[in-house]
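Participant: Chain order of the listed sequences is A and B. Residue 195 in the working numbering sits at position 133 of the first sequence, and the numbers go up by one each step. Residue 430 in the working numbering sits at position 446 of the second sequence, and the numbers go up by one each step.
None of these hints come from the bench; they were simulated from the model. Just so you know, even glycine gets a beta-carbon here, dropped at the ideal spot from N, CA and C. Any given hint could turn out to be false.
[To be verified] With a straight-line Cα cutoff of 30 Å, these simulated DSS-like cross-link-like pairs (lysine-lysine) come out:
(1) K67(A) with K249(B)
(2) K249(B) with K81(A)
(3) K260(B) with K81(A)
[To be verified] The calculated label-pair distances, taken between Cβ atoms and stated as ranges, are:
(4) S268(B) with E95(A): 31 to 41 Å
(5) S268(B) with F193(A): 44 to 54 Å
(6) D251(A) with D244(B): 37 to 47 Å
(7) M158(A) with D250(B): 45 to 55 Å
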Amino acid sequence: MAEEKPTVFIIDDDPSIRKSLLRLLRSFGFEAETFDSAEEYLERERYQGTGCIVLDVRMPGIDGLALQNELNKADYTMPVIFVTAHGNIPMSVEAMKKGAVDFLPKPFDDNEFLQAVNRAVETDRTAKIRFAGTREILRRIQRLTPREQEVLRYVVSGMPNKQIAFRLGIAEKTVKAHRGRIMKKLEIDSLPELTRLAEKAGIQPL
Amino acid sequence: MPKDGSTRNGEGRDPIAGERKKRLRGNTADIHGLVRGLYYRVTLADNSIRWIASQERRQPGSSGETRRLIGVSPDVTARKEMEKKIEAAAREWQTTFDSIPDQVMILNRDHRVVQANAAARSFLNLPLKKILGNRCYTVMHGKDRPISTCPFPAIREIKGHGESDIYDDRKKKWFHISVDPVLDDEGETIRVVHMARDITESKRIETETFCARREILRTERLLRMGELTASLAHELNQPLTSILSNARAALRFIDSGTLDMDELKDILKDIANDDKRARDIIRSLRSMIKPEEGEKVRALLNDVVQEVVSVFHGETVIPNLNVETVLSDPSLEVHIDTVQIQQVVINLMMNAAESMLDQTENKKIIIRAEAGDNNKARVAVSDHGPGIAGEDLGRIFEPLFTTKRFGLGMGLSLSRSIVEAHGGRIWAENNRDKGTTFYFDLPAGERRDG
C-alpha cells in the first residue's frame, strides 16, 4: 500500500468549528476535509486510505451517533473521534461501544486532540493492514478447487490422510496429491503455516 | 307561710282542689297582716287554664279587729305567659351563646368583658367570675393595652363589622377575630360582640398548600435554569473551541516556521469573530431568563392581594410584624398569571419584612391595592425600614444586584420580568417619613363592585 498522508474527515454543522479544526489538523501535518452534515459525508466517494473521522455528536439531520451506525452497517469502518459541546457519560459510553476511539468534550486543547487523532489513525492503519492481509489470503484460497477446499478443511481439523480418504471415498494417494497442490497454491510450506492461514481466512475446523 | 291562710282562703274557693297553689306576696301579708295573696290556676268549663292572682286586704277596726276584708282576683294569665316567654328566651339565649363553638365575648366600650360563652371560658381556662370586668386584651393576650392587629378599636368608631386574623404568640395559635358593635337607640356603640375562631389548622393547610405550590414552581424554575445552563454551556463551548483551535494552530505554524501572514490575519479575524459570538450569547442571557408564559386569567386584584396576605407569615422572618391591608373599592379586575403576580407580591413583602429585621419597633408593612394612573391597577408595598440609598434605587431591579447580606439579586429582577411580561411597570420610592414603597402597575380591566 502506498505511504500517503492520513486524511481526517471533520463533520460538524458549525462553520467556525470546521474551519478552525481544519487549520489545527493542517498544523499537525494531516490532510483534512470538512463536511457540514452526515449526509454530505455519505455522498463522498468511498475513501480507501488511512484516516479517521472527527464527528460532532449533535447535528441537525443524521446526528453523530446515527452516522456511526450507518457506517458500521455499510462496513465502511473508520475510527471515529466524537467531539461534543454537551457530552454526558451515557452518550459517550454508547459511542465507545459502537467503536468510537475517543470522546472529546469541547473545548479541547491541541495536544489532547492530536493524541486522539494519532491514536485513531494508528488504529485505522493496523486494521487496514490486517484487512489487507486477510484479503490476500482469501484471494489465494479462491485458487483452490471445491475438492481441494474440502480437503483443506479436513486437514486443518487435524485428520490424517487415511481417514480423509475414507471419508471422501477416494484413495489415500489422491488425498496426498490434493494436499501438495493446496500447499503450492497457497504459497506455504508447512502444516502450522497452513493452520494459521486458515484461521485468518476464517475457515472453521470440522 | 301559715297553713290557716291557705285553708281559709284557698280550698273553699278553689275549683281545682288538691292542686298545688302558689302564694303571692305571702310574706308581706304575714308582716303587716294587711294583705294576703294567692296565685293559682283555674280550669274553666271550656278546659282553658287561667292564672289568677288573688289579693285580700283586711281593714282593721279601731281596736285592731278585722272590720272588713276586701278581695280582688285579677286574671293574670297574659302576664304569666309573658314571663314564661321571657324566661324561656333568656334560657334559649344562654344556651345558644354557650353552644357556639367559637369563643364569644361581649365587651363594653372600655374593652371590659361583660359576657363570655362556654368556649371562651374553657379557652381561657378561667371561671366566669375571673373573666367578667377584665379587659379583653388582658384575659386574651396577657397584654396591658390592645394589640395592634385587633380590629376592635377601629370598629368602635366606624360602628360596623370588622375582622382580622391574629397570631397569638402565647398560645401559638391563629385566630380569626370578628367584631360587631351593638348600638343603642342613638346609634352609639354600647357593646361589642367579639368572636374568635381558632383557624390554626386551616392556616397550616393553607400555608402548606401554598408552599407546596411555590416549591413546585421553584423546582420547575431550577429545572429550567438547569436546561438553560446546559444550552448556554453548549453555545459558549462552540466559539471557545474555535478560538482555542485557531490560537493553537497559529502557534504551531509559527513553531514550524510555516506561518503565512495572510493566514495569520485570517486566524486573528476568526478569533475576534468567535469572541464576539460568545459576547452576544452572554448578552442574550438576560432575555433568556424571562419568566415562562403562564396562563392568564381574569382576577380581582383585591382577592390576589388578600390571598397572599393570608398566607404570608412575616413572623417567620421577623417577630411582631404587623401587616396592614388596604383594599380598593371597587375591586379592580386584572388579566394576569395569578401565581406569578402573587410571587411578585410575596417577594416585595418578604423584602419589606427583611428591611426591618434590625428594628425593635414599628415593624409594619402596609400593602395597598388601588387604582393607578391611566386605568392601571396598582399594588403598593410599604415598609418602615431604613430605606434605600439614592444611588441604589435605580439599580435594585438589575439582575445580580443586591443590598441584602445574603441576597442573590434575583428576586426583584425576576419580579420586574414578570410585571413587564404583563405589560406593567415596577418601581420603588423612598417614603417621606421612613422606609420604602415598592409599586407595580398592571393594566386594569373593568371595575367591579365587591
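Participant: Next step is simple, just say for each hint if it's right about the structure.
Facilitator: Comparing the hints with the structure gives:
1. At most 30 Å may separate the alpha-carbon atoms for a hinted pair to count; K67(A) and K249(B) meet this at roughly 27 Å.
2. As the CA atoms of K249(B) and K81(A) are separated by approximately 14 Å, the hinted pair is consistent with the 30 Å bound.
3. The hinted pair formed by K260(B) and K81(A) meets the criterion: a straight-line CA distance of about 17 Å does not exceed 30 Å.
4. Distance hint for S268(B) and E95(A): a CB-CB separation of about 33 Å, consistent with the stated range 31 to 41 Å.
5. For the pair S268(B) and F193(A), the beta carbons lie near 50 Å from each other, so the given range of 44 to 54 Å is met.
6. Range check, D251(A) to D244(B): about 57 Å between beta-carbon atoms, so the 37 to 47 Å window is missed.
7. Roughly 36 Å separates the CB atoms of M158(A) and D250(B), a value that falls outside the hinted 45 to 55 Å.
In this structure, the earlier hints numbered 6 and 7 are contradicted, and the remaining ones agree with it.
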